[in-house]
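There are 2 protein chains.
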Amino acid sequence: MARWAPDTRQRLRSAALELFAERGFQATTVPEIVERAGVTRRTFFRHFSDKREVFFGDDEIPALAARMLAEAPAGVPPLTLVAAGLRTLAAERFEPQRTEMRAARRVIEAEPALRERDLRKQADLHAAVEAGFVARGEDPLVAETVAGITVTWVQTALRAWLADPAAAPLTEHLDAALERMRVALAP
Amino acid sequence: MARWAPDTRQRLRSAALELFAERGFQATTVPEIVERAGVTRRTFFRHFSDKREVFFGDDEIPALAARMLAEAPAGVPPLTLVAAGLRTLAAERFEPQRTEMRAARRVIEAEPALRERDLRKQADLHAAVEAGFVARGEDPLVAETVAGITVTWVQTALRAWLADPAAAPLTEHLDAALERMRVALAP
Numbered sequence: 291m292a293r294w295a296p297d298t299r300q301r302l303r304s305a306a307l308e309l310f311a312e313r314g315f316q317a318t319t320v321p322e323i324v325e326r327a328g329v330t331r332r333t334f335f336r337h338f339s340d341k342r343e344v345f346f347g348d349d350e351i352p353a354l355a356a357r358m359l360a361e362a363p364a365g366v367p368p369l370t371l372v373a374a375g376l377r378t379l380a381a382e383r384f385e386p387q388r389t390e391m392r393a394a395r396r397v398i399e400a401e402p403a404l405r406e407r408d409l410r411k412q413a414d415l416h417a418a419v420e421a422g423f424v425a426r427g428e429d430p431l432v433a434e435t436v437a438g439i440t441v442t443w444v445q446t447a448l449r450a451w452l453a454d455p456a457a458a459p460l461t462e463h464l465d466a467a468l469e470r471m472r473v474a475l476a477p
Numbered sequence: 291m292a293r294w295a296p297d298t299r300q301r302l303r304s305a306a307l308e309l310f311a312e313r314g315f316q317a318t319t320v321p322e323i324v325e326r327a328g329v330t331r332r333t334f335f336r337h338f339s340d341k342r343e344v345f346f347g348d349d350e351i352p353a354l355a356a357r358m359l360a361e362a363p364a365g366v367p368p369l370t371l372v373a374a375g376l377r378t379l380a381a382e383r384f385e386p387q388r389t390e391m392r393a394a395r396r397v398i399e400a401e402p403a404l405r406e407r408d409l410r411k412q413a414d415l416h417a418a419v420e421a422g423f424v425a426r427g428e429d430p431l432v433a434e435t436v437a438g439i440t441v442t443w444v445q446t447a448l449r450a451w452l453a454d455p456a457a458a459p460l461t462e463h464l465d466a467a468l469e470r471m472r473v474a475l476a477p
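So the sequence lines, in the order shown, correspond to chains A and B. So for the first sequence, the numbering used here puts the first residue at 291; every next one is plus one. So for the second sequence, the numbering used here puts the first residue at 291; every next one is plus one.
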């Protein structure tokens, strides 16, 4: 990403999301997106392989999760590590993108092919977290458990945050999502 | 399923799993499967649409989960309902199929196309549980949380059970998997 001006990428995303919201995902073409963004077709394809890719700029999240787990000091309890990682992602990746993510969410929910891809992203995050904890020496079943909890934690927090009319910060929704899991699992 | 003799279906599954284990999934053909099972090609296609379907005889699990949630009395806490549902599935569906499931698991893990389908099954169970709790009047975020917990619970319990050299009953692995989630989420 560092090779291209981030504002161009951002402009393309915003233009695409506007058009998807106006006309639907299927009916929107790449020429229409580049026209609205005021860039060339070639520029579009430097940033995205197709219009579906516009939604999945956060494909690097599994890699970020893997790096955080690899770099964290030994002996930190898994939940503490996951919480710290999610707070960092919330501040650096999600919070600045709330408007675009809200628009993207609506398009994804209306489009089965995109929902499929969204599931694949969740599975990639699950795999990265699981592998990261295995590499830290956790029991494989504990690693899989923590990975499942992480995905549910992120998904439910993001959903609440994107739907929140009061626009409370994502970190508050992360706290609430963790509490919901604890309540659901209480004996 | 009631229309066809269950032992034919079972024989086809066993033959297919033997062949997949011997030759690999890709290299095994439907004619080889029917020859080993001693049935006609036509019989195969009455039970399965293709060789991949052989793995996914439990496709009815999301529908079973939906029915259990719809029929359960009001006011039962979500975790109690999920636990009861999983115990029923363990006794009626999984425990009698342990040998086949162990064989199937090894083939699925070696075959990306089957892992993809396995993820789809998990997503279907997630959707069924979520919708079932929403229909029972739960808060949608609680429903999604419980669905996420259910999938992690089933997956980690099945994995431990299928790998267990002592062959302890699945119900014991369900208890252990629940405890792992509670420990992972402990403050």
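These are computed hints drawn from the structure, not numbers from a lab. Fair warning: there could be bad hints in the mix.
All copies of an identical chain are treated as equivalent in the list; a pair is satisfied when it fits inside any one copy or across any two copies.
[To be verified] Simulated crosslink set (SDA-like; lysine to any residue; CA at most 25 Å straight-line): (1) Lys411 / Val432; (2) Lys341 / Pro459; (3) Lys341 / Ala476; (4) Lys411 / Glu401; (5) Lys411 / Ala421; (6) Lys341 / Glu462; (7) Lys341 / Val473; (8) Lys411 / Glu462; (9) Lys411 / Leu431; (10) Lys411 / Arg342; (11) Lys341 / Thr378; (12) Lys341 / Thr370; (13) Lys411 / Arg299; (14) Lys411 / Thr330; (15) Lys411 / Thr319; (16) Lys411 / Arg395; (17) Lys341 / Val432; (18) Lys411 / Ile351; (19) Lys341 / Glu406; (20) Lys411 / Arg449; (21) Lys411 / Glu325; (22) Lys341 / Ala362.
Hints and how they fare:
1. Taking CA atoms no more than 25 Å apart as the test, Lys411 paired with Val432 passes in both settings, with 21 Å inside one copy and 22 Å between copies.
2. Proximity of Lys341 to Pro459 under the C-alpha cut-off of 25 Å is found in neither arrangement, the shortest distances being 29 Å within a copy and 49 Å between copies.
3. In this assembly of identical chains, the alpha carbons of Lys341 and Ala476 never lie at most 25 Å apart, being 44 Å within a copy and 42 Å across copies at closest.
4. With identical chains, the CA atoms of Lys411 and Glu401 are at most 25 Å apart both within one copy (15 Å) and between copies (19 Å).
5. Taking the closest pair of Cα atoms, Lys411 and Ala421 come within 25 Å of each other both inside a single copy (15 Å) and across two copies (22 Å).
6. When the C-alpha separation of Lys341 and Glu462 is checked against a cutoff of 25 Å, the pair qualifies neither within a copy, at 32 Å, nor between copies, at 48 Å.
7. Neither within a single protomer nor between protomers do Lys341 and Val473 lie at most 25 Å apart by alpha-carbon distance, with minima of 40 Å and 42 Å respectively.
8. Proximity of Lys411 and Glu462 under a CA criterion of 25 Å is satisfied intra-copy only: 23 Å inside one chain copy versus 32 Å between copies.
9. Taking the shortest alpha-carbon separations for Lys411 and Leu431, both the intra-copy value of 21 Å and the inter-copy value of 20 Å come in at or below 25 Å.
10. Taking the shortest Cα distances, Lys411 and Arg342 sit within 25 Å of each other both inside one copy (13 Å) and across copies (23 Å).
11. For a Cα distance limit of 25 Å, the shortest separation of Lys341 from Thr378 qualifies neither inside one copy, at 28 Å, nor across copies, at 45 Å.
12. Proximity of Lys341 to Thr370 under the C-alpha cut-off of 25 Å is found in neither arrangement, the shortest distances being 37 Å within a copy and 44 Å between copies.
13. When the C-alpha separation of Lys411 and Arg299 is checked against a cutoff of 25 Å, the pair qualifies only within one copy, where the shortest distance is 20 Å, while the shortest distance between copies is 35 Å.
14. Taking CA atoms no more than 25 Å apart as the test, Lys411 paired with Thr330 passes in neither setting, with 29 Å inside one copy and 41 Å between copies.
15. Only within a single protomer do Lys411 and Thr319 lie at most 25 Å apart by alpha-carbon distance; the minimum there is 24 Å, versus 32 Å between protomers.
16. Taking the closest pair of Cα atoms, Lys411 and Arg395 come within 25 Å of each other both inside a single copy (14 Å) and across two copies (23 Å).
17. Taking identical chains as interchangeable, the C-alpha atoms of Lys341 and Val432 are never at most 25 Å apart, the minima being 38 Å within one chain and 33 Å between chains.
18. Proximity of Lys411 to Ile351 under the C-alpha cut-off of 25 Å is found in both arrangements, the shortest distances being 9 Å within a copy and 24 Å between copies.
19. Taking identical chains as interchangeable, the C-alpha atoms of Lys341 and Glu406 lie at most 25 Å apart whether they share a chain (15 Å) or sit on different chains (23 Å).
20. For a Cα distance limit of 25 Å, the shortest separation of Lys411 from Arg449 qualifies both inside one copy, at 15 Å, and across copies, at 22 Å.
21. Proximity of Lys411 to Glu325 under the C-alpha cut-off of 25 Å is found in neither arrangement, the shortest distances being 29 Å within a copy and 40 Å between copies.
22. Within a single copy, Lys341 and Ala362 get their C-alpha atoms no closer than 36 Å, and across copies no closer than 44 Å, so neither meets the 25 Å cut-off.
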